[in-house]
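J.: Reassemble the complex: the two chains are provided individually, in unrelated frames, and hints are given to aid placement.
In order, the protein sequence lines correspond to chains A and B.
When we follow my numbering, the leftmost residue of the first sequence carries the number 1, and every step to the right adds one.
When we follow my numbering, the leftmost residue of the second sequence carries the number 1, and every step to the right adds one.
Among the hints, a few may not be true.
Below, computed lysine-lysine pairings styled on DSSO-like, alpha-carbon distance capped at 27 Å [unchecked claim]:
| hint | chain 1 | residue 1 | chain 2 | residue 2 |
| --- | --- | --- | --- | --- |
| 1 | B | Lys229 | B | Lys242 |
| 2 | A | Lys228 | A | Lys83 |
| 3 | A | Lys228 | B | Lys229 |
| 4 | B | Lys242 | A | Lys228 |
| 5 | A | Lys183 | B | Lys194 |
These aren't lab readings, by the way, just hints derived from the structure by calculation.
Source: prediction; values computed, not measured.
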Amino acid sequence: MRVLILCEHESHGIRLCSRSAVAFANLVAEQTRGSVECLLLGHSVAAVAQDAAAYAPVLVADHPALANPLADRYAKVISDVVKQRGCDLVVAAATTFAKDILPRAAGLLGGAMASEVIGHEFRDGQLCFRRPLFAGAVVATVALHGRPKLVTIRPSAYPAAGVRAGHGDITAVAVDEGILPKKTEFEALQSKLSNRPDVTEARIVVSGGRGIKSSEDFERLVGGLADKLHAATGSSRALVDAGITPNAFQVGQTGKVVAPELYIALGISGAVQHLAGMKNSKTIVAINSDPEAPIFEVADYGLVGDVYELVPQMIAKLDGAL
Amino acid sequence: MKILVPIKRVPDTDQKIQVKPDGSGIVTDGLPFVINPFDAIAVEEALRIREKSTDVAEVLAVSVGTEACEPQLRTALAMGADNATLIHCDAPLDPWNVACVLRAYAGRYQPELILMGKQGVDDDFSQTGQMLAALLDWPQATFASKIEFLGGGLRVTRETDAGLEIVRVSLPAVVTADLRLNEPRYASLTSMMKARKKTIERIPTAQLGVVIEPRLQLLGLEAVPSRRKSVRVGSLDELLVKLRDEEKVL
Numbered sequence: 001m002r003v004l005i006l007c008e009h010e011s012h013g014i015r016l017c018s019r020s021a022v023a024f025a026n027l028v029a030e031q032t033r034g035s036v037e038c039l040l041l042g043h044s045v046a047a048v049a050q051d052a053a054a055y056a057p058v059l060v061a062d063h064p065a066l067a068n069p070l071a072d073r074y075a076k077v078i079s080d081v082v083k084q085r086g087c088d089l090v091v092a093a094a095t096t097f098a099k100d101i102l103p104r105a106a107g108l109l110g111g112a113m114a115s116e117v118i119g120h121e122f123r124d125g126q127l128c129f130r131r132p133l134f135a136g137a138v139v140a141t142v143a144l145h146g147r148p149k150l151v152t153i154r155p156s157a158y159p160a161a162g163v164r165a166g167h168g169d170i171t172a173v174a175v176d177e178g179i180l181p182k183k184t185e186f187e188a189l190q191s192k193l194s195n196r197p198d199v200t201e202a203r204i205v206v207s208g209g210r211g212i213k214s215s216e217d218f219e220r221l222v223g224g225l226a227d228k229l230h231a232a233t234g235s236s237r238a239l240v241d242a243g244i245t246p247n248a249f250q251v252g253q254t255g256k257v258v259a260p261e262l263y264i265a266l267g268i269s270g271a272v273q274h275l276a277g278m279k280n281s282k283t284i285v286a287i288n289s290d291p292e293a294p295i296f297e298v299a300d301y302g303l304v305g306d307v308y309e310l311v312p313q314m315i316a317k318l319d320g321a322l
Numbered sequence: 001m002k003i004l005v006p007i008k009r010v011p012d013t014d015q016k017i018q019v020k021p022d023g024s025g026i027v028t029d030g031l032p033f034v035i036n037p038f039d040a041i042a043v044e045e046a047l048r049i050r051e052k053s054t055d056v057a058e059v060l061a062v063s064v065g066t067e068a069c070e071p072q073l074r075t076a077l078a079m080g081a082d083n084a085t086l087i088h089c090d091a092p093l094d095p096w097n098v099a100c101v102l103r104a105y106a107g108r109y110q111p112e113l114i115l116m117g118k119q120g121v122d123d124d125f126s127q128t129g130q131m132l133a134a135l136l137d138w139p140q141a142t143f144a145s146k147i148e149f150l151g152g153g154l155r156v157t158r159e160t161d162a163g164l165e166i167v168r169v170s171l172p173a174v175v176t177a178d179l180r181l182n183e184p185r186y187a188s189l190t191s192m193m194k195a196r197k198k199t200i201e202r203i204p205t206a207q208l209g210v211v212i213e214p215r216l217q218l219l220g221l222e223a224v225p226s227r228r229k230s231v232r233v234g235s236l237d238e239l240l241v242k243l244r245d246e247e248k249v250l
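Only chain B is shown next, with the shape it has when bound in the complex (with noise of 0.2 Å):
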């Protein structure tokens, strides 16, 4: 069985983003990129199942986009999986987009899952996998919380809104990673002096036949000013008597 975890690059989560002047992208100059954390919990729930089953031949992390992914293909490298593919791309991709490519690269690769984040924490759409789950006409189970193999398929947990929903679906399937899958491990100095040493196989967009037409397209962007009151009360009665009087909400 192989596994194919695809990864984003996005921001760090703890650094500040800001906006260009003129609205077309944030200023990424000396902004440290990560791998999507949920991109993470899927690369560390490929390698546990690598680790408890003697079927799994193989996990490949992949991302879609320009030579700048490397450094996150890297770490999916020292966490432990197994090879590393760089699908390059240098025009501005959405989801779709991403699907697309993933779909046709998905054709020649043949994986029996795909596992990957259930959103990237920076445009937080939470399409990409839905829509090559559609795209292969394979089922999805998103947002998992717990992944089970039984009777060649998978039962899966889901965290819902309504509850944990658990549902079984048949191999090859795509699922997305939600918190409480797993906490990722982290990749040791020496793991990823290794890494650096692996080869990242480089296929060109071109290659795979796909042809990047957007579908959603970015007009500009704003930062969102806070416009709070930020009062200081001193005590609890102070508060009740705002919440009751000023604001009425009590």
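Isolated chain A, as found in the complex (with noise of 0.2 Å):
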């Protein structure tokens, strides 16, 4: 198959989720024998299409009416490059980028596609995904008819490509200003300012739930232990409603899917849609007052306890105080 990768990028390079979809392609590409691509859109990025070279060759959409991801306009580059190059498969990580914009290049391609793939297998020589389904109690194993398929994968469930041997391969995508869709227009990002690493990305996550009182609470605690750990914050839904954390710290089903190799939920009950987001942790640690949440049948370790009293222990036994 003929796999082409949508990366998402920042001001240095491709986004870590973006080399997990790199490595999802590299496997169907090799269980097919066939080729893997990246695509890139974006305003001035030569020097991010220099990183992305390094993964798999670069075909670069480099153009000032692309200087922000307009759903209208980058699904348009996508199908026409699709179209072009005859891709069978088209791949991104699943984040609000892909999946505003995934989407609706499949809509520009027939339909075939699947979100929040958390693996892949060959069925009679047909290429089929698993993906959850009902927060997660359920995974269904599907297939789609049409071509080319359009998937986006959960980073957790692939590893990111490491370095490729050979570099360059960097080809540049004509943009006709002309025929891009303009319904759209940007007006302004107002990005979260965080010195923490990406909840998405971090090796470790420390989560707050509806124990946690206060804004000033949760940053003491959460991000008190966060820090001592180099860990990322989450929440709970219950801290969002509340006004306590923004809406881009949520872990759940319709928030943020996370899968570190530590997380800790510190006064967080365990509601299901929460578990969606954070259950496939490789371990899971547990501190809540209420010995019967639900939270604690999911954790590998769990501790009864009041979080204002243990967090700001354990933070002080991080540091070799006591």
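T.: Set out below in structure tokens:
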């Protein structure tokens, strides 16, 4: 299969999650004796293209009209590239970037799409995908009919691809501004200011729930422990609803899906919607004052107690002060 | 202005989902169903737009599926939607199929705005709104947490991984609702009673000229077993020892 990876990038290079998409693409290409290419869209992205070329040959659509990821424009460019190059499969990491853009591209390309893929296999030579349903309580195996097929993959399911042998291979894609849709205009991005790691990429995530009563307490307890462990912070939906944490912090079925090496749940009861966002973490620790909290059923290690008492002690112990 | 709000019927998220022994589907006997929570947010937003504007002629709720979708359309009516339409289809539907049906229906109904949930909480695809926008060649604003009317178009604040993104789209447009857009109202008992008497228009899918060709075929379902250690530790010291020496994560 001819596999195209839609890359997501930051200022300096492609995002770690896109390297997971490359890993998926490499596997499928190997299994089908096919090929892989990255597609990068943006403006003034020469340095990013260099970085992407370390993982796969790169196609770059570099144009001022593509400076911001507007779905209608991006989907148009993607679908044109897919048609011109005869791609069989398009993949991107399941982030808000791709969740916005890729289904729109699928709408232009015949609609054979599966999102949030966590595994794949061949049945009678047919490529099939595994994806979670019902907040992760169930896994479905699905087949896609039509060509091209488009998928988003969960980065936690495919370890990031390493640097390949042989660099270079950067090809410019001509962008005709005249045929791009112009019904959407970018106005602003209010980016979150955080010096902590990205919650979807961090090795350790410390998360807070209903047991945390205010933003100050969240910062002191969840933030304090996270900083001690060089971890990212997350929260349950309850804290987002209460205005204690921003929406971007929400881990769960309708927020972010994370699978770090260590997930520490502080004062989180463990609603099924939250579990959907973190239950594939390698090791799960729960601290909660309610011994009956459902979070303890999915935790590897549970400690019953008050987070207001235990977390400061834990921070102190990690300092070696006690 | 007319606002179209597509609604999906999904199992109540508080319910435990069980897979049929042959893996062909989930056990639906006795399972309560609700309006997809994100679609309820879309209904609420459409109602608030109507309440604030003299410009909105109608808020129409629409579902694509079997007769079983009727109670959720009645709930939308009870919340305050002016009318409801059931586009009847007994075949299993994937996001592409629903997008194609809605495209055909939008061609007939001519709304200025299609407001819908950002994803169904049953299968979590998050594809239908974007596909619909592509098929209609309309602009889209997904994961909306704020919608403002400005100069004949919309200014939409979107929840993205990078932060809050603000975009302007012209009308007609497709907007998908995120969690923080609003808190949907509850339908009162009286309004539920009134909604029962309303007529729900029914249209067979075939009448819209849409042929349902599946793009996504379900091969089977499996329940996901938990494989956790579930060890209760007695103290912080014990926890730290486990994490350091057994799991080697600290």
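J.: Hint by hint, say whether it matches the structure.
T.: The hints, checked one at a time:
1. B/Lys229 to B/Lys242: Distance ~12 Å between lysine 229 of chain B and lysine 242 of chain B Cα, so the pair holds.
2. A/Lys228 to A/Lys83: violated, 50 Å
3. A/Lys228 to B/Lys229: holds, 25 Å
4. B/Lys242 to A/Lys228: Roughly 18 Å between the alpha carbons, so the hint for lysine 242 of chain B and lysine 228 of chain A holds.
5. A/Lys183 to B/Lys194: Given pair lysine 183 of chain A, lysine 194 of chain B is violated - Cα atoms ~40 Å apart, limit 27 Å.
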